[in-house]
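Engineer: So the sequence lines, in the order shown, correspond to chains A and B.
Each residue of the first sequence is one higher than the one before, counting from 1 in this note's numbering.
Each residue of the second sequence is one higher than the one before, counting from 1001 in this note's numbering.
Warning: the hint list may mix true and false statements.
[Unchecked claim] Now the stretches of chain B that chain A is said to cover, found in silico as 3 or more residues with beta-carbon under 8 Å:
| # | segment |
| --- | --- |
| 1 | 1020-1031 |
| 2 | 1056-1063 |
| 3 | 1108-1116 |
| 4 | 1131-1142 |
[Said to hold, decoys possible] If you want the footprint, here are the derived chain A segments under chain B, 3+ residues with CB under 8 Å:
| # | segment |
| --- | --- |
| 5 | 158-170 |
| 6 | 176-185 |
| 7 | 195-205 |
[To be verified] Label pairs and their computed distance ranges (CB to CB):
| # | chain 1 | residue 1 | chain 2 | residue 2 | range |
| --- | --- | --- | --- | --- | --- |
| 8 | B | A1118 | A | Q65 | 33 to 43 Å |
| 9 | B | R1008 | A | V116 | 57 to 67 Å |
| 10 | A | V474 | B | S1121 | 34 to 44 Å |
| 11 | B | L1096 | A | S73 | 25 to 35 Å |
| 12 | A | I481 | B | A1149 | 33 to 43 Å |
| 13 | A | I35 | B | A1118 | 15 to 25 Å |
| 14 | A | Q16 | B | P1066 | 15 to 25 Å |
| 15 | B | A1149 | A | L471 | 27 to 37 Å |
| 16 | A | P301 | B | A1118 | 43 to 53 Å |
| 17 | B | T1059 | A | A121 | 52 to 62 Å |
| 18 | B | I1015 | A | P301 | 21 to 31 Å |
| 19 | A | E491 | B | P1103 | 42 to 52 Å |
| 20 | A | A296 | B | A1118 | 35 to 45 Å |
| 21 | B | G1135 | A | Q285 | 48 to 58 Å |
Just so you know, the hints here were simulated from the structure itself, not pulled from any lab data.
Glycine included, each C-beta is placed from N, C-alpha and C at the ideal position.
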Amino acid sequence: MIVQAVLDAAPAWVIQHAPALTVVFPLVMAPILAILQNGRLAWLASMATTAAVLFCAIVLLGQVQSSPTGVISYAIGNWLPPLGIEFRIDALNALVLLLVAGMGVLSTILSWPTVVAEISAEKRGLFYAAFLLCFCGLIGVASTGDAFNMFVFLEISSLATYVLVALGAGRDRRALPAAFNYLVMGTLGASFFIIGVGFLYAATGTLNMADIASKLPTLTGNRAVQAGFAFIVVGLGLKAAMWPLHQWLPNAYAYSPSFVTMFLSATATKVALYALIRFLFSVFQPGYGFEQASFAMIFAPLGIAAMVICSFQAVFQTDVRRVLAYSSVAQVGYMILGLSLGTAMGLSAGLLHLVNHAIIKGALFMAVAGICLTYHGTTVRDFAGLGRSAPLTMTAFAIAALSLIGVPLTAGFMSKLQLGYALFEHGWWWAVLLVVFSSFLAVFYMGRILQAAFFQPPLNPRATRKEAPLLMLVPLWILAIANIYFGIDAEFPLGLARDAAVAAFGAEAFR
Amino acid sequence: MLEFILERANYWAIIGLMMIGLYIAFSAENLIKRLIGVSLFQTSICLFYVTLGVIAGGTAPVLLGPDMPKGDAAGHGEAAPADSLVAGATERFADLAVTYSNPLPHVLMLTAIVVGVATLSLGLALIVRIREAYGTIEADDVRQMDIDADRAQANADDRDFSEAGA
Chain A
1 MIVQAVLDAA PAWVIQHAPA LTVVFPLVMA PILAILQNGR LAWLASMATT AAVLFCAIVL
61 LGQVQSSPTG VISYAIGNWL PPLGIEFRID ALNALVLLLV AGMGVLSTIL SWPTVVAEIS
121 AEKRGLFYAA FLLCFCGLIG VASTGDAFNM FVFLEISSLA TYVLVALGAG RDRRALPAAF
181 NYLVMGTLGA SFFIIGVGFL YAATGTLNMA DIASKLPTLT GNRAVQAGFA FIVVGLGLKA
241 AMWPLHQWLP NAYAYSPSFV TMFLSATATK VALYALIRFL FSVFQPGYGF EQASFAMIFA
301 PLGIAAMVIC SFQAVFQTDV RRVLAYSSVA QVGYMILGLS LGTAMGLSAG LLHLVNHAII
361 KGALFMAVAG ICLTYHGTTV RDFAGLGRSA PLTMTAFAIA ALSLIGVPLT AGFMSKLQLG
421 YALFEHGWWW AVLLVVFSSF LAVFYMGRIL QAAFFQPPLN PRATRKEAPL LMLVPLWILA
481 IANIYFGIDA EFPLGLARDA AVAAFGAEAF R
Chain B
1001 MLEFILERAN YWAIIGLMMI GLYIAFSAEN LIKRLIGVSL FQTSICLFYV TLGVIAGGTA
1061 PVLLGPDMPK GDAAGHGEAA PADSLVAGAT ERFADLAVTY SNPLPHVLML TAIVVGVATL
1121 SLGLALIVRI REAYGTIEAD DVRQMDIDAD RAQANADDRD FSEAGA
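Next comes chain A alone, as it looks inside the complex (with noise of 0.2 Å):
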């Protein structure tokens, strides 16, 4: 319906060059606000830019739900694949374009008051632009069809964060140490992905995603084949935060500014995982040998340890901060555990839980940069009482945290649920009882700050105002709603995520 009004108002230059635009758009102007230096203008150009973008976004679903191939394929510079560069959107790649410019967008509008008070004047116009840098590249990664050009804005989007992770150091200079240490892993990571790169290059003789894909099934027993498959798998899993790879996450989540822990939380892993689901799906199959040991050794048992030892682990932090980043690990855990089974019902009940996990750790980190921008504290204990002093804020986290519970009636509810059920179908049943297991933890993580919220009396001594700002509260609570409405409605994320699952899993269709 929105769909349709946006693909009927959109002119036809935008229908034509949308998958080439929603990299255009802030690539053109990081650097325009870099030369500016104006923060107040950069805000309402990031805005404008994310919202341009989320416009493109939305075309792209219309055009690949109305396509009778369900692929838009756009030949960057005229250049036919699979020698030049191709944007391939199919739904999987829509799904993750419209999350992206979705919370692109609703974090930038909250994003002012929290800039204003995190970031020296002089350096809000530059912070911006390494924002729409790192925004640009997370769309590219979702909108291209070559896997060195995967790379590439990859290491777009990852500089870009080293740098706006490093910019929370104007309040805790432990986000120093946190950004170098990023730095390091992150640069690892990318370097694995492109030796396996390099590999599938030398077995196949190409570098597009489809291409590579349609010369696979020759290959099989190829041991270069299998080595590019062990290094992509490595090296996405690390930017994706995947258990044991996820070391470099908490202290980026927790010292950055808020602004950036709000939006990286919502897309940055998110855009990784959807990576390795296009390679692990799309460009590998389900069914060769290699890979099915990788489902059943690796992911699985790697899904579950990160579902309950982050979930331990989140119980015992004493920053929320840091309980929200050790349950991200955590998530991340449900979402891998999804997909190990293979089955398009296990990929859409991942995809699913990470639309749902990106709208809830939106909003959670939302309403905590509220409070940290109008209690200048993020431990637990001074969240203590907020429940009176801040019933607006507070009752939006309250919502999202128990939708990360997965309390019936809620979001986070629906996506384990669609899990429980693909669990069963492939009779694992034991999993079930750990996804239990872990969603109890929760209640203990989550509850310790709520129970500290609405249960204690107030004891922040710092406290400047009551509430956060209007332009913050807007925002968290349209996810807070999206969180209940997804809950009781959840036809258009799950329609989206079982396309999506379609889409990777029809090699027909992708080639």
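Use these hints to put chain B onto chain A, whose structure you have.
Structural biologist: The following block gives chain B in isolation, referenced to the frame of chain A:
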């Protein structure tokens, strides 16, 4: 056996460099040394790609001799339109008289080198900032200072909160 090893000398060198780089990146306490390790790792990848592009007996990938496109000999005639060059590429590869090395991996590595330079400079900039903020670039010392600061902060918080409670 010896032949097997010697034939793949390039790859052994690459693996060696890669492992040295990885080891330094993980084990060095000095942040600059750690960055050197990462750089070494990235450089070994460039070597890997360049090795992939080499074809035994191949020459530099510039069309020469009988392979020169007709009509634009010596680069002064009508240039062939780019589209027809690409479209006809596969057929043109088939009847080349001279063996050429594959130029594509080299081009890819130009991009990777740019990424590497960006990473290295950003890493060095971060080290400068760490040195300004902590006065040291040893990872151990930085970690210890963080732990101490954490403890001091917790104590200060305790004081704040107990005063507020009283």
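Engineer: It remains to establish, for every hint, whether it holds in the given structure.
Structural biologist: The hints, checked one at a time:
Coverage of the segment 1020-1031 of chain B by chain A holds. Counting CB-CB distances below 8 Å, 3 residues qualify, and the rule asks for three or more. Only when three residues or more bring their CB closer than 8 Å to a CB of chain A does the claim for the segment 1056-1063 of chain B stand; here the count is 0, and the claim is violated. Look at the segment 1108-1116 of chain B against chain A: 4 of its residues bring a Cβ nearer than 8 Å to a Cβ of that chain, three or more, so the hint holds. With 4 residues bearing a CB less than 8 Å from a CB of chain A, the segment 1131-1142 of chain B meets the requirement of three and the coverage assertion stands.
Restraint check on the segment 158-170 of chain A versus chain B: 5 residues with Cβ-Cβ distances below 8 Å, three needed, restraint holds. Interface restraint, the segment 176-185 of chain A with chain B: holds (6 residues with C-beta to C-beta distance below 8 Å; minimum three). Only residues whose beta carbon comes within less than 8 Å of a beta carbon in chain B count, and the segment 195-205 of chain A has 4; three or more means the coverage holds. The beta-carbon spacing between A1118 (chain B) and Q65 (chain A), approximately 38 Å, falls within the hinted interval of 33 to 43 Å.
Taking the beta carbon of each, R1008 (chain B) and V116 (chain A) are about 58 Å apart, inside 57 to 67 Å as hinted. For the pair V474 (chain A) and S1121 (chain B), the beta carbons lie near 39 Å from each other, so the given range of 34 to 44 Å is met. Between L1096 (chain B) and S73 (chain A) the beta carbons are some 29 Å apart, a value that agrees with the proposed interval 25 to 35 Å. Under the hint 33 to 43 Å, the C-beta atoms of I481 (chain A) and A1149 (chain B), about 40 Å apart, fit the expected range.
I35 (chain A) and A1118 (chain B) have their C-beta atoms about 19 Å apart, which keeps the hinted 15 to 25 Å range intact. In this structure the hint that Q16 (chain A) and P1066 (chain B) lie 15 to 25 Å apart at CB is violated, the actual value being about 42 Å. With their beta carbons about 32 Å apart, A1149 (chain B) and L471 (chain A) fall inside the hinted range of 27 to 37 Å. Remark: the range hint 43 to 53 Å for P301 (chain A) to A1118 (chain B) is contradicted by a beta-carbon distance near 36 Å.
Taken as a hint, the range 52 to 62 Å holds for the pair T1059 (chain B) and A121 (chain A), whose Cβ atoms sit roughly 58 Å apart. Judged by the Cβ atoms, the range 21 to 31 Å given for I1015 (chain B) and P301 (chain A) holds: they are separated by roughly 28 Å. For the pair E491 (chain A) and P1103 (chain B), the supplied restraint of 42 to 52 Å holds, since their beta-carbon distance comes to about 51 Å. Distance hint for A296 (chain A) and A1118 (chain B): a CB-CB separation of about 39 Å, consistent with the stated range 35 to 45 Å.
Restraint check, G1135 (chain B) to Q285 (chain A): a C-beta distance of roughly 54 Å satisfies the suggested window 48 to 58 Å.
In this structure, the hints that do not hold are numbers 2, 14 and 16, in rising order.
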